[in-house]
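Chain residues, written in single-letter form:
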Amino acid sequence: MLTPQLVMYEDEVRRIQSVADRLQQDSRSRAILVVDKNGQLIAASGSAAELDTTSLSSLVAGNVAATGGIAKLIEEDEFTAQFHEGKDASVHMSLIGRRVILLALFDKNTTLGLVKLRVKKASTELESILEDVAKKAQSPQQSVFAEITDADIDNLFND
Amino acid sequence: MSFINYSSREINCKLVYYGPGLCGKTTNLQYIYNKTKPDAKGKMISLATETERTLFFDFLPLSLGEIRGFRTRFHLYTVPGQVFYDASRKLILKGVDGVCFVADSQMERMEANIESLENLRDNLTEQGYDLDKLPYVVQYNKRDLPSVVPIEELAEVLNPTKVPEFEAVATTGMGVFDTLKALAKQVLTELRKGG
Chain A
1 MLTPQLVMYE DEVRRIQSVA DRLQQDSRSR AILVVDKNGQ LIAASGSAAE
51 LDTTSLSSLV AGNVAATGGI AKLIEEDEFT AQFHEGKDAS VHMSLIGRRV
101 ILLALFDKNT TLGLVKLRVK KASTELESIL EDVAKKAQSP QQSVFAEITD
151 ADIDNLFND
Chain B
1 MSFINYSSRE INCKLVYYGP GLCGKTTNLQ YIYNKTKPDA KGKMISLATE
51 TERTLFFDFL PLSLGEIRGF RTRFHLYTVP GQVFYDASRK LILKGVDGVC
101 FVADSQMERM EANIESLENL RDNLTEQGYD LDKLPYVVQY NKRDLPSVVP
151 IEELAEVLNP TKVPEFEAVA TTGMGVFDTL KALAKQVLTE LRKGG
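Protein chains in written order, with this note's numbering: chain A, 1 to 159; chain B, 1 to 195.
The hints are simulated quantities; they were obtained by calculation from the structure and are not laboratory data.
Be careful, since some hints might not be right.
Claimed, not checked - Partial list, derived from the structure: chain B residues whose beta carbon lies under 10 Å from chain A:
(1) SER7
(2) LYS43
(3) MET44
(4) ALA48
(5) GLY65
(6) THR72
(7) TYR77
(8) GLN82
(9) VAL83
(10) PHE84
(11) LEU91
(12) ARG143
(13) LEU145
(14) MET174
(15) GLY175
(16) LYS181
We treat Cβ as the ideally placed atom computed from N, Cα and C, and that holds for glycine.
Modelling step: build the complete structure from the supplied sequences, incorporating the hints.
Structure below.
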């Protein structure tokens with residue numbers, strides 16, 4: 001069985017980016033990351049350009065996976081939200097639609113309460129977009145792999 | 001689970017290196033990291049104990065080039081090999097697109113290899129994967145050591161399905177990139193078949 005794919009088309013990515021941008025402004029966070037549960041970055045906003053978002057996405061996903069394991073062991077449903085407080089910066093992570101992680105990185109310019117409030121609103125919007133992504137995945141769409149040939153793949157590995 | 005982003009024109013896949021404790025999974029990634037050009041790799045993350053045993057995972061993002069205008073990026077992970085870290089191994093396997101089983105060629109590690117391979121199969125099955133249907137390669141590492149099992153014997157026990165197999169000495173790099181390229185190629189070929 002071929003492993004399933006997560007496919008994001010331009011429209012959905014644009015909508016997710018828009019939610020992330022709005023959340024970053026409304027919550028006064030430093031940065032917002034939207035990360036697939038497998039550790040792939042989907043969208044980033046704010047001062048994300050200054051961060052190693054690839055590493056951060058992988059670690060965030062690992063963190064959520066580990067705490068998901070803890071939840072399972074104590075017969076709890078997943079922990080849908082986590083908060084880690086630092087000296088200057090803090091992070092709030094929430095699980096959206098069991099598929100995507102929303103990370104808010106913030107500091108003393110805002111409050112946890114405001115971040116949580118804005119995240120809650122953004123979560124609803126993101127859930128709706130993810131439903132659209134899932135619906136689109138069920139109907140046939142043009143695939144990049146339809147154009148890729150075996151020769152293309154071979155050429156990638158020729159030095 | 002591969003992630004295709006039409007907006008940023010990227011194909012992202014996850015590869016996991018599996019195997020018993022101290023077989024060379026982390027060494028594989030470290031060699032790949034050291035020999036890859038800076039613009040083709042990201043930072044290597046290692047979540048390890050104070051004695052440098054992998055505790056949760058190693059992570060290395062690589063770019064392998066472009067196909068039809070799409071950047072192909074592979075996220076390489078290793079699992080902790082020690083037996084009691086099974087809960088962590090299950091988590092790291094989630095969303096896997098291709099697996100490399102790294103076997104320790106030493107005679108005294110044969111049982112550990114077998115146990116780890118069975119563990120891989122069980123953990124994949126638990127998550128709805130079938131090892132026989134997943135892109136998969138086997139690496140026989142530590143071929144430079146004196147007490148190694150002949151390849152034919154290793155293959156009979158550890159590669160009954162005859163997937164691509166590679167001899168390696170990860171500390172020197174022998175076989176490391178051959179293994180990676182073969183696995184990555186398998187993953188892309190499978191994705192193409194399904195596309």
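Item to check | Satisfaction of the B/GLN82 interface hint, Cβ to chain A closer than 10 Å | outcome: 16 Å, violated
Next on the checklist: Checking hints one by one. Is B/LEU91 an interface residue toward chain A, by the C-beta closer than 10 Å rule?
Outcome noted: 4 Å, holds
Checklist entry - When the nearest CB of chain A is found for B/GLY175, is that gap smaller than 10 Å? => result 15 Å, violated
Checklist entry - Under the criterion of a CB-CB separation shorter than 10 Å, is B/LYS181 in contact with chain A as hinted? => result 5 Å, holds
Checklist entry - Minimum Cβ distance from B/VAL83 to chain A below 10 Å? => result Interface hint status for B/VAL83: violated (17 Å vs cutoff 10 Å).
Item to check | Interface hint status, B/ARG143 versus chain A (Cβ within 10 Å) | outcome: 23 Å, violated
Next on the checklist: Does B/TYR77 hold up as a contact with chain A if the rule is Cβ-Cβ below 10 Å?
Outcome noted: Holds, about 8 Å.
Checklist entry - Should the interface hint for B/MET44 be scored as holding, given a Cβ-Cβ cut-off of 10 Å against chain A? => result Cβ of B/MET44 sits 9 Å from chain A, so the hint holds.
Next on the checklist: Take the shortest C-beta to C-beta distance between B/LEU145 and chain A; is it under 10 Å?
Outcome noted: B/LEU145 check fails; min Cβ-Cβ to chain A is 29 Å, beyond 10 Å.
Item to check | Proposed interface contact between B/GLY65 and chain A, which counts if any beta carbon pair is under 10 Å | outcome: 5 Å, holds
Checklist entry - Does the interface hint hold: is B/THR72 within less than 10 Å of chain A, judged Cβ to Cβ? => result 7 Å, holds
Next on the checklist: Quick check on the hint: B/PHE84 CB to chain A CB, less than 10 Å?
Outcome noted: Since the shortest Cβ distance to chain A is 14 Å, the answer is violated.
Hint compliance for this structure: hints 4, 8, 9, 10, 12, 13, 14 and 15 are not met, and every other hint is.
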